[in-house]
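Engineer: The lines below spell out each chain.
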Amino acid sequence: MKRRFAVALVLSMATAIPATGQTRDVGQIPIEELMEMGVQRVFGASDRLQPVTEVPSSVSIVTADEISRYGYRTLADVLRGVRGFYVTNDRNYSYVGARGFNRPGDYSTRVLLLVNGHRVNDNVYDQASVGEDFGIDAAMFERVEVIRGPASSLYGTNALFAVVNVVTRTGASMNGASFDVDAGTLGTELVRGSVGRRLGNGIDFALSGTFARSNGVTQLYLPAFDAPGENGGVAENLDGEQSGQVYGRFSMNSLTVTGAFGRRLKDVPTASFFTMFNAHDPGQETIDRKATVSAQYVRALGAARLTTEASLDHFRYDGVYPYASDDPGGRPVGFRDGFSGLRWSVSSRATRPLPGRQTLTIGGEFVDNVQQDQWGAYPFASIDNFALAQSSRQGAAFVQDEIRLRPWLIVNAGLRHDRYPRFNRTTPRGAVIVMPSANHSLKYLYGQAFRAPNAYELYYYRDATAYLRPESIDTHEWVWEAYFGERLRTAVSTYRYKASQLVDLHIVDVDDFGFANAGTIRATGLELESEIRLKRGAQALASYTLQDANDAPTGLRLTNSPRHMAKARLSVPGPRARSFASFEWLYMSSRATIAGLTVDPAVVANATINLPLGRSVTLTGQVRNLFDARYADPASDEHLPDSIEQNGRTARLGFRWVFWNSK
Amino acid sequence: MTRSARPLVAAVLTALVLAGVSAATQSVSAPGLKAGYLFTFTKFVEWPADVVPAGAPLSLCVVNDSAVAYVLAQTIRGRSVDGHGLTVRHVKPDTPLPTCHVLYLAGSDRKRALEIVGLLDDELILTVSDTTGFAKTGGMVELFIEEGRMRFAVNVDALERAHVRLSSRVLALARIVRDDVTP
Chain B
0 MKRRFAVALV
10 LSMATAIPAT
20 GQTRDVGQIP
30 IEELMEMGVQ
40 RVFGASDRLQ
50 PVTEVPSSVS
60 IVTADEISRY
70 GYRTLADVLR
80 GVRGFYVTND
90 RNYSYVGARG
100 FNRPGDYSTR
110 VLLLVNGHRV
120 NDNVYDQASV
130 GEDFGIDAAM
140 FERVEVIRGP
150 ASSLYGTNAL
160 FAVVNVVTRT
170 GASMNGASFD
180 VDAGTLGTEL
190 VRGSVGRRLG
200 NGIDFALSGT
210 FARSNGVTQL
220 YLPAFDAPGE
230 NGGVAENLDG
240 EQSGQVYGRF
250 SMNSLTVTGA
260 FGRRLKDVPT
270 ASFFTMFNAH
280 DPGQETIDRK
290 ATVSAQYVRA
300 LGAARLTTEA
310 SLDHFRYDGV
320 YPYASDDPGG
330 RPVGFRDGFS
340 GLRWSVSSRA
350 TRPLPGRQTL
360 TIGGEFVDNV
370 QQDQWGAYPF
380 ASIDNFALAQ
390 SSRQGAAFVQ
400 DEIRLRPWLI
410 VNAGLRHDRY
420 PRFNRTTPRG
430 AVIVMPSANH
440 SLKYLYGQAF
450 RAPNAYELYY
460 YRDATAYLRP
470 ESIDTHEWVW
480 EAYFGERLRT
490 AVSTYRYKAS
500 QLVDLHIVDV
510 DDFGFANAGT
520 IRATGLELES
530 EIRLKRGAQA
540 LASYTLQDAN
550 DAPTGLRLTN
560 SPRHMAKARL
570 SVPGPRARSF
580 ASFEWLYMSS
590 RATIAGLTVD
600 PAVVANATIN
610 LPLGRSVTLT
620 GQVRNLFDAR
630 YADPASDEHL
640 PDSIEQNGRT
650 ARLGFRWVFW
660 NSK
Chain S
0 MTRSARPLVA
10 AVLTALVLAG
20 VSAATQSVSA
30 PGLKAGYLFT
40 FTKFVEWPAD
50 VVPAGAPLSL
60 CVVNDSAVAY
70 VLAQTIRGRS
80 VDGHGLTVRH
90 VKPDTPLPTC
100 HVLYLAGSDR
110 KRALEIVGLL
120 DDELILTVSD
130 TTGFAKTGGM
140 VELFIEEGRM
150 RFAVNVDALE
160 RAHVRLSSRV
170 LALARIVRDD
180 VTP
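Going down the list, the sequences are from chains B and S. Each residue of the first sequence is one higher than the one before, starting from 0 at the first, in numbering that gives the first Met the number 0. Each residue of the second sequence is one higher than the one before, starting from 0 at the first, in numbering that gives the first Met the number 0.
Here chain S stands alone, though its shape is the one from the complex:
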């Protein structure tokens, strides 16, 4: 791990330098970044065989954001995760959810996003949203903008409840939040 990480670190550093030099060309649209994160999270979740049998596809659902669904569909083309094929489904709000392994909820309506998450009943589904307060109130991963960069917060309690194992490599970069019980 340490030995193979070195070229990666070098690549990241190079990319960062390039990003700094030509910030304008390295910026990506918000839907593009979101799709990038969604694909990355999918790679870094441990998918047990009882949830996704070997060879079965992983279903990535995007609720109410066709732009993200489009870029994500482009992104997964020809790719697989742990031997699983990938499918992207775009879901309109107020329609029943198909089978999902990663669920992205777009929009500014936190109440509705949380209602959908509440219905999942702690199934092993990675829930992601850009809704403010999503992670803090029961969602798993919240994307947010900070100083012009897209960052993410992870509610470790929510992961634990649904038994979602997200790699420590992702957790190390996340802003960790917990259920809203801290005084």
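For reference, chain B alone in the conformation it holds in the complex:
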């Protein structure tokens, strides 16, 4: 063995030494320079890996570093900065819009939200919660992956417009303990403690707890309520928010267990659902709780990789809705509305390379919605009181194959079959990816997606199980991506979709409500994006979105669907190590409201500074809505105001102490 090695050495010296005869000590060459050196010998016919340009979707990734630099506090803040996304708020919940779709009254049910690949839309309302009610602090995000377009062929229901996957932090990534305090205008306070480490015996753990509160706008003027006897239209001390979040992750060998619990209370100042304005005893509020525990086991079996996951999720919502008492001058009567959901799920998937330059993925999942209970009750016996106990089960199997027909041509096809109690769905998707050169790729993507009617739609107003069907969408997309060197990336994408059988709330009369498969929407869109990353961590990103989403029967533009969106952000290093000044600028053109009016274009600028003060303390300062712009978001018909004004300039200041870190 040793001797043969020596022979091989002699033989290989001829090829190992540069042909020019100029022997360079490669150990001295900086990596940046290695990357720029020419290669004398090309090995193999297709020496390229599958980079982001070969993924059969248009993907954006927001990293922990960007979350810290731009001071994003919630997933909503992260998504506001992502090309083609917008988030609106009615001072109760935040709602995600994508591809021109964010109709007031919808609970973001056409966006699938994942945590480490695990579904977290609840099992009653299907809501993708992106505000404080998401349940995990944004400081615990390793990165957020935004995958545009339909993805039901892999993930099943809800994945109509996008999949948002939040990857949470590991102990190795946290590498130490830290303590944060943060305070700002509107009575905002936050404390956070976190600790994480990879230990010598291969155990990796992360643990974090956050408590945050805010008074909100203590004197909130809502012109729609400015009538005699309504406190001059001012909702007093009714915009507060409180949240507590606990996150933990533990991994050893191939097993990872992740758990999170979040509770959020929000006072609701807008007297939605025609409750009493400025009521305090009781006041209007919503409480959302989320708990998730998930265990994932990854194993290599020969050339295949097998991932198995088992999860338990609990969702609970409680709302208090004060209505005027029948006794004149009596205390308001609190209607208590709520749901409780419990979901078990197991899933498994395997990926392996096959002959003929193929990569095959197969998988399946089983979901047991043990509890999908809803209730509503006055504090006295009433014909309006109700309590519904439901449960359901569903299962699915999927397959995806990627075939590299030529070094420059990839075909990707996927199919998933879902079984629900009252219907089955088979969802296909296909992609053709052409790479005319190493740094360019052109993709054509076709996909379908569906959303099953949820428990709220099926049971809340009346039993609609006999006639409610799944919604569906058909999407065609073209994506062009180009990398210029390692520093500049550009992307152009267009899409066209038709969404049909959309589940809409129909109000026939005051007491005659119900959901029906009624809506059809056609939309086209164009998105442009450019990103530059420079030395020393300077980075800039700009995007523009043109979207035209219309209600098909009437041809009217959708409500809350801006025609233009433009975003720009810039982060530059400061004079001290690891100090950054970061700016974000977000523009949305005017949007139609459900009353047929329009809200003005919204322009919001945010600025954040990160400044290390010595080895263990970092100062963060942030001003949101820097120029105190006034803007409003269209409101749903559960609100009396047609649009709801958003916060003006706010500021916050925070300190972080880091200790017990190994570097």
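If you're looking for bench data, these hints aren't it; they were derived computationally from the structure. Just so you know, these numbers come straight off a predicted model, no measurement behind them. Even for Gly, the Cβ is constructed at its ideal location relative to N, Cα and C. Be careful, since some hints might not be right.
[What the hints assert, rightly or not] Derived Cβ-Cβ restraints for the label pairs, each shown as a range:
1. S:Lys42 with B:Ile402: 54 to 64 Å
2. S:Ser166 with B:Phe654: 18 to 28 Å
3. B:Phe654 with S:Arg78: 33 to 43 Å
4. S:Arg78 with B:Asp64: 41 to 51 Å
5. S:Ser166 with B:Ser253: 21 to 31 Å
6. S:Lys42 with B:Pro574: 23 to 33 Å
7. B:Thr489 with S:Gly77: 20 to 30 Å
8. B:Pro29 with S:Pro95: 14 to 24 Å
9. B:Arg405 with S:Pro95: 36 to 46 Å
Let chain B serve as the given structure and place chain S on it in line with the hints.
Structural biologist: Quick look at chain S alone, frame taken from chain B:
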């Protein structure tokens, strides 16, 4: 960091200009470049004391590429990383692996490369290969040729699984890929 980075940036820029002026003399053989990358990656991985005790050597294994092993052996001569000495081992295919901290798998057989990676069972070993699709299917770092330059891709999921901490300076230059779960 920022202050000390300036001369480095200047040096890199100078080198780039020189490389542009005399591209022919600045090109290096593929084995040479691979050895350069392997040594660089070794420097930029955080080696915890429980994996490599203080003073113990770091073992760089090269499977089935004697040219890379040769240049790498030349490169590490007289060098150390974080106080650890360095050894290079050339391993023939189908022989048992010795203790390795950095493992380079040469060759065009992706299936076999992945089988070897699969056997490692998420130990703290930096796996590198020039096999197409290596990073995408569970390997950590894949070297590839693009427009006549050697570039590299890093599978951040694979790093995470094996708890390998690769410096952000290297990650910033890498093409980031992930496990093949993206739709």
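Engineer: Each hint: holds or not?
Structural biologist: Cross-check of the supplied hints:
1. S:Lys42 with B:Ile402: 54 to 64 Å: Violated: the Cβ-Cβ distance is about 39 Å, outside 54 to 64 Å.
2. S:Ser166 with B:Phe654: 18 to 28 Å: 27 Å, holds
3. B:Phe654 with S:Arg78: 33 to 43 Å: 41 Å, holds
4. S:Arg78 with B:Asp64: 41 to 51 Å: About 31 Å separates the Cβ atoms of Arg78 of chain S and Asp64 of chain B, which means 41 to 51 Å is violated.
5. S:Ser166 with B:Ser253: 21 to 31 Å: Given about 25 Å between the Cβ atoms, the range holds.
6. S:Lys42 with B:Pro574: 23 to 33 Å: Once the Cβ atoms are compared, 28 Å apart, the range 23 to 33 Å for Pro574 of chain B and Lys42 of chain S holds.
7. B:Thr489 with S:Gly77: 20 to 30 Å: At 45 Å between Cβs, range violated.
8. B:Pro29 with S:Pro95: 14 to 24 Å: Roughly 36 Å apart at Cβ, these two residues miss the hinted range, so it is violated.
9. B:Arg405 with S:Pro95: 36 to 46 Å: Between Arg405 of chain B and Pro95 of chain S, where Cβ atoms are some 38 Å apart, the hint holds.
The structure does not agree with the numbered hints 1, 4, 7 and 8 stated previously, though it agrees with the rest.
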